[in-house]
Every structure is written in structure tokens, then in C-alpha cells.
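A.B. asks: This is what each chain is made of:
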Amino acid sequence: MNELPQQLVNGLLLGAMYGLVAIGYTMVYGIVQLINFAHGEIFMTGAFGALTVYAYVLPDGTSMWVALPLMLIGAVLVAVVVAVGAERFAYRPLRNAPRLAPLITAIGLSLALQQAVWAWYPEAKSARTFPQIDGGPFHLGNVTIQTGDIFLLAAAPISMAVLAYFVMKTRTGRGMQATAQDPDTAKLMGVNTDRIIVIAFALGAVFAAVGGVAYGLKYGQVDFRMGFILGLKAFTAAVLGGIGNIYGAMIGGVVLGIAETLATAYIADLPGMEKFGSQSWADVWAFVLLILVLLLRPQGLLGERVADRA
Amino acid sequence: MTTDTTTKDATPDATAPGQVVLDARGVTMRFGGLTAVRNVDLTVNSGEIVGLIGPNGAGKTTFFNCLTGLYVPTEGEVRYKGNVLPPKSFKVTAAGIARTFQNIRLFSNMTVLENVLVGRHTRTKEGFWSAVLRGPGFHRAEAASRERAMELLEFVGLAAKAEHLARNLPYGEQRKLEIARALASEPGLLLLDEPTAGMNPQETRTTEELVFAIRDKGIAVLVIEHDMRFIFNLCDRVAVLVQGEKLVEGDSATVQGDERVIAAYLGEPFEDAPGDAEVAEVEAAEAQAEAQTDAAPGKENDR
Amino acid sequence: MPGKGLIVRQRSLIAITAALAAGALTLTACGSRDNGKSSDSGSGGGTTVTIGVDAPLTGDLSALGLGIKNSVDLAAKTANKQNYVKGVTFKIEALDDQAQPSSGQQNASKLVADNGVLGVVGPLNSSVAESMQKVFDDAKLVEVSPANTNPALTQGPDWQKTKARTYKSYFRTATTDAIQGPFAAQYVYNDSKKKKVFVIDDKKTYGAGLAATFTEEFKKLGGTVVGTEHINPDTKDFSAVATKVKNSGAEVVYYGGEYPQAGPLSKQIKATGAKVPVVGGDGIFDPTFIKLAGANSTGDLATSVGAPVEQLPSAKEFVANYKEAGYKEEYAAYGGYSYDSAWAIIEAVKKVVEDNGGKLPSDARAKVTAAMQNVSFDGVTGKVSFDEFGDATNKQLTVYAVENGAWKPVKSGTYTG
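Chains as they are written, first to last, in this note's numbering: chain A, 1 to 310; chain B, 1 to 303; chain C, 1 to 417.
Think of the hints as simulated: they come from the structure by calculation, not from any bench. Fair warning: there could be bad hints in the mix.
Derived lysine to aspartate or glutamate pairs resembling DMTMM-like cross-links, with alpha carbons at most 25 Å apart [said to hold, decoys possible]: (1) C/323 x A/269; (2) C/203 x A/269; (3) B/125 x B/193; (4) B/88 x A/194; (5) C/168 x C/137.
Work the whole structure out from these sequences, hints included.
C.D. replies: Below you can see the structure in the form of C-alpha cells.
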């Protein structure tokens, strides 16, 4: 039992990454009711953007303290370009099409992005190593934290705070809330809803890019398929927390991450459950939790924020 | 900006009385085989309150939608202060036309103040980058917006509930909030779509006074309503729309006396209708009963 | 504005979207097939015999898969250069299975349908082999795997009690886990002197099988298993498992699985502060493991079938030829075995052609399969021949350790008992 604090921290870190990616899913769904299945790949291209800065732009041996901010900028640039491009060329033309059309497009775009990186990024056919921050792990009592984890522990709450301020206290943020709740009326109020939609995609991409850098720092490698399963789980986290609700995205992510980790660590110890424990069953238990939550509270933990399209 | 002594703190878009603010000509709206609005002309001058009445389904709201860019008229044109309206609705608001809705369309999950702030969206220009960088200009603009919004809330009487969620307000106050939100975009023309629907006589009176106050600020008003007493108290001119066509337009007496208007609302007289002699008998009896009351002649009874 | 225009627009939008989706899916299908295609090795007239190759050419294990493909290609080129089989030119047809059993089965059908294919080298993964054996056997097309190590593939599902050969067309040049697991257990217990082990596997055929044979032998020697775990190979987050390892008091970790997971797993275990070496089988024996596991992987161990390729004189020639041929990827762990597997097919074809008066018979495939049983030659990895089950008779194994960022052979031996 003395490993519980460490396992909780493990789960929190994993969940924070889910949360950062979930923000993009939830914002886009809240405003245009589209599940952007390509968002996991936006996360992946962000990570590759950061890698590009480190491996091909900066001179060898640059200290991570200098490199990391530049890598973040690279990640954000790439991710935002991909996301805004997707909105403009893949989704906007289908704005008035039946809902299935943009959904299938998103799946196709997800595959296309994966294969594009596989095909054209140098040596991306297997995993590529991602630079690490030197420095020993830190120990707080029973808990060990890596340097890469510290980035994530700082980035997640800061991102949430910035996003919350932006949405609640700025003119553009209010425009986003209005567009999410009633796009036609928002238009009549003078809100340029097309532009708001682009901003929603771009913001989601920014946070996914931060998540991508966090992933690289934590696991030391990036590969063209890293966004696939993680994206699905992040979307699940967004639903768990309440789709359309940006706080719900982070809360859902953390809950999912902790559920997965605790299931891996402890289910096998329960009497009679040896076969159902260990990491291969962790996803099962996490999704059982999701189903239970949605049965009891279909709008998610914090409630949905989607337009009432009566 | 204006020389009219009755307009005190006039809004920036207010014009001198007597100028044409809205000029709709030959507006026709067709949906496939159905013609909802047929060749309607309407002008509104500054300092005026114009009413638009007609039975349900006459095309009044459709006509409003043509005026605000939600629909583009199949034929005809709409000019605001001499310029043709832009086809995108968010640009119509920027041009200076604001409206309220028949069924309330507030942003229910936002607060009262935030709703009004969204209304100010066109009049402020702090965009995405300004929000990200958050320089002093941004903070100043935000503060100015909030101040203006609070002024508007005081004007309609909702200042005390600024931080309440819009969906928690009682019905009458939600309507007031809609009006405040519409005023936030500093329009020159305000379109009100059935503002007193569902209100009791007291709330109706308050709304009447509010509309007068809006007119005094120099904003022209075009009102759709079914409450005849409200309309005839309020409006300088009334237009009647029946089955998409404008039947008659004029002051309250002209419109009330017009037989076609009565026919449209009440139907044609039938064959066994009471003749003149019987009508006189009934009137005499009523006059006796009314001797104690103070019913003024010429005023139509309640609907 | 509603009306006919909108409906027409919606219909064409659906059509466009369907086309886009189909295009995207086709893109993936294209990506899954090897772009290198069948390289035409050597000119000359006569018949062309195709050697099929099935391996993960993309995805996590592509390093191993590409090494396999290149080595088979080298064998074909060498045979053509030497005109080893008169009147026959060899070429290869390489297909990507991405380590997925479903892809493997599709590839098997494809190779069977191509009449020029007289033998197939592959696959890499035991789980993929399971889906391919019957397809090849029904067509009597011989299949030689350079890397499958699951004993059941040649000795039947009940191999621990009764050995029975299910598929006469399946052979392999690599030794099985029945030998590799216990070999590692003996090394860990006797040589490294570790008595408490934490066993982890990835639940796939290869990994779970290897972990099981290891565990059995380790317990027989007197060691204790202080914990077991199964990881999900699709994810990279093993922090929960790593923490469990740390708190279990294990002295060593045995991992049954492949290097894309083993690398991060080793890294995360060391990161918790647990200074225990990670030991694995030939699935982790790849330079990429060291890259992924990071600097703290020094001391990690891996077993691999055969003697170190670099030490055999026959191998030195292979290494030189491979380098000269200029392939972009390394020959990796199974390069030597793949070369030998391809050469075994070439030897079998040669026998069949000579027995038929210098021409290919009409039932070439069946004859090649039959001839394979009696193939015997000195190959890159030593003497190549097959026992009654189709297993390699060469039961050599080597233990490698990570030292200074590379694998160094530590102990070589033959497993007995």
C-alpha cells in the first residue's frame, strides 16, 4: 500500500496528458458538434514539430533550457497549421452536410496524417528518440518524479488557467461561448462565427502541442502512431468530464488516467481477480468506469456545454 | 450630434428626426412554392416608432428576418440609411440594426452582464491577439465595455441582477435583458418582435415606457405586436400585413377604422348579422350600464 | 436558402466525402505494402523463381523486418551472380504484415496465388505465423521462418507432452523458446546469481510463451517469482508496472516481448530507482532497444538464437557482402537466419531442378517442400538442416549484454536438457 502515492502520481501525470489533448476535442465539439478524430494526429504532429526544431534547426548539443521553449514554439506552430488547415479545407466545406460526412472525413484525415508522417518524415518508420531534460529524478517521500514529469505537472494547470481566463474574461472568449450556445443569435450579435470556429481549432491545437512535447519528454520517444490510441482515450475523457466543458476535459482526463493506473496496480490483488488485473485489463476497467458514470450521469461529470439545436 | 431637444444622451448612431432610417422597397420572400412576403414597402424615419401588425402567419417575422440578413429577399431591396444591407447577418448588426426575438434567444448559460457584453461585440474590436497579449489597451477596452453594459442594465432596470445566470431570470426580465443586449450594439434602428408576449398589463406598461425612452435616445423602433392597446398607444404609424401583403398603413385611427383590417382579424360579417336597428338597441342598453364606468369613446376593447 | 439546390449539394458532398475516405484508406493500403517491391536480381534468360518474403516492414518492428527482407534479397542476388541453379533466376516479392496476423494471412493468400512463388521466408512473429501456416500448407508452398520461436508451430499445440508435427510445409532456422527461455533462466540463476525475478510479458504468442518457459525452468532451479505482470503493447506508459516492480523486491526482471515496449519499460523501471537489470529474448535484441531504453540500460541482457553472427567465418563473408550491397538498413538480429532460410529454399529448388533434368516440374511447389526436409549445408549461422518437426538442428544460443551503448556477446552455448 505504500506505493499508493506513487501510483496516484503516475495516474495524475498520465491523466494530465489525456486532459491536454481532451481540451481540443471538447472545444471543437462544443462549437461545431464535430468529433475531430484527427485531433490525436494534431497531437502527434505537434510532437514531431518539436522534434524537428531540436534535431534539424538547433545546433547539436543545445542545452534543453534553451531548446525547450523553442521546441514548444515549433510544436505549436505545426499543430496549429495542421488544425487550421484541416478546418479550412476538410471540415468547413462540409459545414451543412449531414453529420456523417465530416465524421468520416475526420477519420480519413487521421489516417492520412499518420501515413504522411510515416512516409515523409525522415526515419519515422520506427520510433524516434526525443530529447530529455537532464537531471536526476526528484524524491518527495515515497514518490519519485522525473524531470519530464515536472514539465507536465506545470504545463497542465497553467494551460487550464490561461484557457479559463481567455474564455471567461475576454471578448473573443465570450464570442466562443455565445457561438457554442446559439450560433445564429451569436451571428446576429455581430460575432463572426466562422472566425470563432477557426480560433477554437487553433486553441485546441495549442494545447495538444503542449501535450505532445510533454509526451516526448516523458517517454523519450515519438512515433507516427502515438496519437491514435491516446486520442481515442482523450476523447473518452472529454465525454467523461462533460463534452463541451473545458474544465470537464481536464477533470475527465485525470480521472481516466488515475482509473487506468490504479486498475493496473491493484485489481490483480483483489481476491479472485488475478486474471483481470495487470495493464492489459486496465483499459477495460477504465471503460467500465466510463460506462457507469454515463449511466448514472449521462451529461458527464461536470455537465455538457453544447448548443441546443432545437 | 443632434439638435432635437427631446433627445438627451443620444446614442452615437442616432440621427436627426425626420431622416429616413429604414427604406424597404418591394421586398418579396419566396420559399420554393410559398410566397411568405409579397412586395412590401415600408419606411421608418428617425425618431419614429412604427408598428407592424397582422394575423398570425401573415409574414411579419419573415419580413423582420429579411431586414436583419437572416434571409436574403428574393426580390426587392432593403436600405439602411441609404446603404443596401450586407448579406451576412453579423455585418447587419455592425451596420446598425438590432433586434429581439419572438421566442427568447438569450445565451442561457452566461450571466446577464455577459449577455449584454456579447451584444457589444460589434462595437469593440479587441480580437484574439489582443486577448493573448493583454496589453493596457485590452484592459481599458474591457473596462469600458463593462461600464457601458452596466449603464444599459440600469437603463432597463436589471443592474442588480448582473451576475445572475440568464436562464434563472423570470420571464419578464428575460425580455428586458434581450432589449438591453440589443441596445448594446448601439443601433440606429431597433426591431422588436412581440416584446410583450406573455406579459401582464403592468409589465406591458413598463415595456411601453421603456420603448418611449429608447425613442428618446434617438433610436428608431419598428415593433411587431398583437396587443392592440400597446400598439396604438405607442406607435406613430402602423402598417398591417395580411398574407404577406401590406394592406394599409397610417395612424391608429385610420387603421382601426379600415374594414379590411377588421375583416382580416375578425372575419367577414355573416348573413344573419344584426341590422342597424338591433345594433342601436344594444348600444342603448350598454350605454345605461356604462354610465358608471369611465370608458372613453374610440378606444378599442381589450383583445 | 432551402430548395432543390441544397439537396443536390448534399448529395454531391456525400459523394465527395466517400471518395475522400476511400482515397485515404487506399493510401493506408499502399503504405502497408513494401514500396521496394520485387527487386529484379540479375539478368539472364530461363525461368524466374520468386521467393516470397513476409515480415513487418513498417511499424515498430520494421528494423527487424527490413533486415529480413534485405538478407533474402542478398541471397537471391548471390545465387543469380553465381548462377547457382542453372537456368533459374531468383527474385523476391516482399510483403508487409505490420506484425498483424490478419495482414499475414492476406499476404499468404497473395503469395499462394502467384504461381512464380516457390518458397516463402518469414514471418517474424509467431502470432502471425499461426495465421499463415494452413494457407501455405493447403497449397503445399514451403515456408521457412528465420525468427519464429514458439515451439507449438512445429511440435503441435500439446508439445510439452506429445510432440506432433501439424504442417509439413513449415520449417524454421531459428531455435524455439522451449530452449531459449530455459537457457536464459540458467544464465540468470547460475551465472548472474539472481534468485528473485519479476516476470512481465506482452500477452502475445511469442512473449507469453517465452516468459512461461523461462518461469518453469527458473522455478525448477530453485528461484522465486516475486511478481507477474502483463503489459499492453499499444501504450508506452508503464509507470504503474514499474512502480510495482520497484516495490516487489525483485533482483531481476524477465520480459517476454519485443523491443518497442521493452525499451521504454526498462527505462521506466530504472527511473523509479530500482537498479535491476531487464532480461529478454531475441525479441529485444536490437540496437533500437538500447536507444529507447536510454543510458541506464547498461547491464540489461538478451538471449538470441545461434552464435554471434560476427564470430563465425561464414558469417564474416555475409557481413561483408551485405555491406557491399549497400542496403540502407542493418541486417539486424535475423539477417543471418533470413539469408540461410532463403538459401535453404534455393538449395531445395536446385535439387528439384536437377532431378527433373534441368527444368522446373509442373508440381514444383510440392517437390520443393519435400526436398526441404533433406536440405543440409553450411550457412551463415552454422550448419543448416531440419529435424523431423521442421525445427533447426542447430541449437546454439548466446547471451548478450548492453555495454557502452551496444550489445556485446557474453556467453555462448548449446542448450541441453
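A.B. asks: Taking 25 Å as the top limit, are the C-alpha atoms of residue 88 of chain B and residue 194 of chain A close enough?
C.D. replies: Judged against 25 Å, a Cα distance of about 11 Å means the pair holds.
A.B. asks: For a C-alpha distance cap of 25 Å, please report whether residue 168 of chain C and residue 137 of chain C respect it.
C.D. replies: holds (7 Å)
A.B. asks: What's the verdict on residue 203 of chain C and residue 269 of chain A, does the C-alpha distance respect the 25 Å limit or exceed it?
C.D. replies: holds (19 Å)
A.B. asks: Going straight from one Cα to the other, do residue 323 of chain C and residue 269 of chain A come out at no more than 25 Å?
C.D. replies: This hinted pair is violated, its Cα atoms lying about 52 Å apart.
A.B. asks: Between residue 125 of chain B and residue 193 of chain B, does the CA-CA distance stay at or below 25 Å?
C.D. replies: Distance ~28 Å between residue 125 of chain B and residue 193 of chain B Cα, so the pair is violated.
When held up to the earlier numbered hints, the structure conflicts with 1 and 3 and fits the remainder.
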